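Q: In case you want the letters, here they are:
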Amino acid sequence: MVKRKGILYSHAFYTLLSILFGFIVGAVLLAAAGINPALAYGKLVSGVFGKYKYIVYAFVYASPLIFTGLSVAFSFRTGIFNIGAEGQYVVGSLAALAVGVLFELPPVLHVILCFAAAMAAGALWGSIVALMKTRKGINEVLSYIMFNWIAFYLSNYVINLTVIHKVGGGEASRDINPSASIIFPEAVRDIFGGNKNANLGFFLAVLVAVIVWVIINKTTLGYKLRAVGFNNHAAQYGGINSDRAVTTAMAISGALAGLGGAVQLMGMGNRISQFSAQEGFGFQGITVALIAGSSPIGCIFSGLFYGAMKYGGTKLSMVDAPQEVVDIIMGTIILFIAVSHVLRRVITAKVEKGGRKA
Amino acid sequence: MNSFITNLGLLINATMIATPPLLYAALGSCFSERSGVVNIGIEGMMTIGAFTGAVVAYYTGNGWFAFFCGGLAGALFGLIHAVACISFQADQTISGTAINFLAPGIAVFMCKALFDNSSDSPAVDTAAKIPKLFSGIFPVGSFWNNALNNYAAAYLVFVVAAIVWFVFFKTRFGMRLRACGEHPRACETLGIDVFKVRYICVILSGFLAGLGGAYVTLATVSQFRPSIIVGQGFIAIAAVIFGKFNPQGATLACLLFGVCTGLKTLASSSNVVSPNLISMIPYVVTILALILFVGHARVPAANGKPFYKAQ
Numbered sequence: 034m035v036k037r038k039g040i041l042y043s044h045a046f047y048t049l050l051s052i053l054f055g056f057i058v059g060a061v062l063l064a065a066a067g068i069n070p071a072l073a074y075g076k077l078v079s080g081v082f083g084k085y086k087y088i089v090y091a092f093v094y095a096s097p098l099i100f101t102g103l104s105v106a107f108s109f110r111t112g113i114f115n116i117g118a119e120g121q122y123v124v125g126s127l128a129a130l131a132v133g134v135l136f137e138l139p140p141v142l143h144v145i146l147c148f149a150a151a152m153a154a155g156a157l158w159g160s161i162v163a164l165m166k167t168r169k170g171i172n173e174v175l176s177y178i179m180f181n182w183i184a185f186y187l188s189n190y191v192i193n194l195t196v197i198h199k200v201g202g203g204e205a206s207r208d209i210n211p212s213a214s215i216i217f218p219e220a221v222r223d224i225f226g227g228n229k230n231a232n233l234g235f236f237l238a239v240l241v242a243v244i245v246w247v248i249i250n251k252t253t254l255g256y257k258l259r260a261v262g263f264n265n266h267a268a269q270y271g272g273i274n275s276d277r278a279v280t281t282a283m284a285i286s287g288a289l290a291g292l293g294g295a296v297q298l299m300g301m302g303n304r305i306s307q308f309s310a311q312e313g314f315g316f317q318g319i320t321v322a323l324i325a326g327s328s329p330i331g332c333i334f335s336g337l338f339y340g341a342m343k344y345g346g347t348k349l350s351m352v353d354a355p356q357e358v359v360d361i362i363m364g365t366i367i368l369f370i371a372v373s374h375v376l377r378r379v380i381t382a383k384v385e386k387g388g389r390k391a
Numbered sequence: 201m202n203s204f205i206t207n208l209g210l211l212i213n214a215t216m217i218a219t220p221p222l223l224y225a226a227l228g229s230c231f232s233e234r235s236g237v238v239n240i241g242i243e244g245m246m247t248i249g250a251f252t253g254a255v256v257a258y259y260t261g262n263g264w265f266a267f268f269c270g271g272l273a274g275a276l277f278g279l280i281h282a283v284a285c286i287s288f289q290a291d292q293t294i295s296g297t298a299i300n301f302l303a304p305g306i307a308v309f310m311c312k313a314l315f316d317n318s319s320d321s322p323a324v325d326t327a328a329k330i331p332k333l334f335s336g337i338f339p340v341g342s343f344w345n346n347a348l349n350n351y352a353a354a355y356l357v358f359v360v361a362a363i364v365w366f367v368f369f370k371t372r373f374g375m376r377l378r379a380c381g382e383h384p385r386a387c388e389t390l391g392i393d394v395f396k397v398r399y400i401c402v403i404l405s406g407f408l409a410g411l412g413g414a415y416v417t418l419a420t421v422s423q424f425r426p427s428i429i430v431g432q433g434f435i436a437i438a439a440v441i442f443g444k445f446n447p448q449g450a451t452l453a454c455l456l457f458g459v460c461t462g463l464k465t466l467a468s469s470s471n472v473v474s475p476n477l478i479s480m481i482p483y484v485v486t487i488l489a490l491i492l493f494v495g496h497a498r499v500p501a502a503n504g505k506p507f508y509k510a511q
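So the sequence lines, in the order shown, correspond to chains V and D. Going by my numbering, the letters in the first sequence line up with residues 34 to 391, in that order. Going by my numbering, the letters in the second sequence line up with residues 201 to 511, in that order.
Derived list of chain D stretches under chain V, where covered just means 3 residues or more per stretch with a C-beta under 8 angstroms from a C-beta of chain V:
#1 284-291
#2 309-315
#3 419-433
#4 477-486
Simulated from the structure, these hints should not be mistaken for laboratory data. Predicted model only: the values in this text are computed from it and were never measured. All C-beta atoms in this analysis are idealised placements derived from N, C-alpha and C, irrespective of residue type, glycine included.
Please model the entire structure based on the sequences and the hints provided.
A: Here you go:
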């Protein structure tokens, strides 16, 4: 009895329940559209686990999502909701693109410089919003959303500049120089089932997740950030400069999302195409962070889950199922996680009441 | 001079095409935000409205009926947002984010399911679109034809705006909804059902956003595409902030953003300024307005805070 109560109190139980609900809602819609849910979900699974090469793709798809997930999770810990990860991701990839296209450098140095540019751009994008919040008291959710769209059109503007735009037309930028790519050399790719996009991204994501965990849990900075997140006024009373803490957190959060943009560009895309709609990596990062319960290490696993779903989703057209079912499942999961705390309160209250009666 | 007048007519025409979807959605956003519920799901609600409008018009051939159904589809997602935020006290921004995944996802999903895996819906017959007022009265290409021969729903939105203003400031319900956004606990003490008022407002916000989306597919364009709304819902929210959360302010802001879009349409044919830079204007203007003026203006005090009924 005690153990069951323990499960009913845990975050993981409600997250798993939400994921289950997500798949149920997806199945209902598939069935309503005249598609056999078992067939579609079967394709989703075999599309990811069918071949070693496919599994590697799930990791490749997951890498940028882990970064945007870390970005959102980091901001959550300070009580900030970084809905601007999308824009920071875009300016990050744009900065990496500029360095990757315009400079000729030795391989390793070039990659490092691209990452640095992406982090700086993402941090800048987050810091402007932070300054507006701390200096002028402007709600960050609103300014984040505005900056997402400014980044969107900035990217479309920049890739159409003559020095960046693809030679000979096409609605995309030039490819980054090979020295800026993080895709493994062929010999290493063979180890990963010959996947032509096997890259450094996931390893970097794990490393950064560990660093973020250390920052949050083992440093003075992390302590300050968490203190502000728990209770801003108490933290200030305790001598923490909360404005500075918030600005630092929003800048780091932006840098993480920017790095995600760089990883996607340098490991997968090689170029940036003209956007017709937002790419969604930042918004998907919100889901990753929510499923992980804002734990940095958890983001690695929830990022892998989302990456696998996204990659598996691309195979759904083979069984004539729309891949948008992945968006529907993920949206349902977020909605259920958002309401699950009430469910938890209701259920645990009932359990306690029942316990008292008995 | 002559070309100036022609261009002016074209600009008015382009503004009357760009403004209504923003304004319908912005008026919806006013209801939700003023009653104390943040609704960033407006974008998703517009998308589902756009889809529903296009599909219903395609099958029934009745533009006005399709327009209304677009509103209903938006209202359905308004209801989902209301249940999550009001009854379940969910984080309103997270619930809105979920709506922005779900609604466009369902729209494209159903589009593919209905139309042979195509993410674009088939074109709506011209007769099934919303009619234009003053068509055939002025010679084609004349200033008056450009300026006045607009879709009826474009004129309707200004009537709706006036009604919303009246409801907000001249009726008992309007006073209550504004009070619920400022001090719900006091409202409850006076016997106002805060939940009911907020439910009505959030569902209305979905309905109006749905109408805005349906306007795009039934007037501006005649089919649904996945990228048909791109950001218009967020511009509508920006207009509401810019307009200090009042319907009359939001109307002016939407007109301003509509003129920006109109200029973009005219400029893109001449290629003088990059259309991408012009597209940025509404967002940059909103940021500047936030920094310079609105930062000090008051957001409804209880905005974004879940309300718990007294036991």
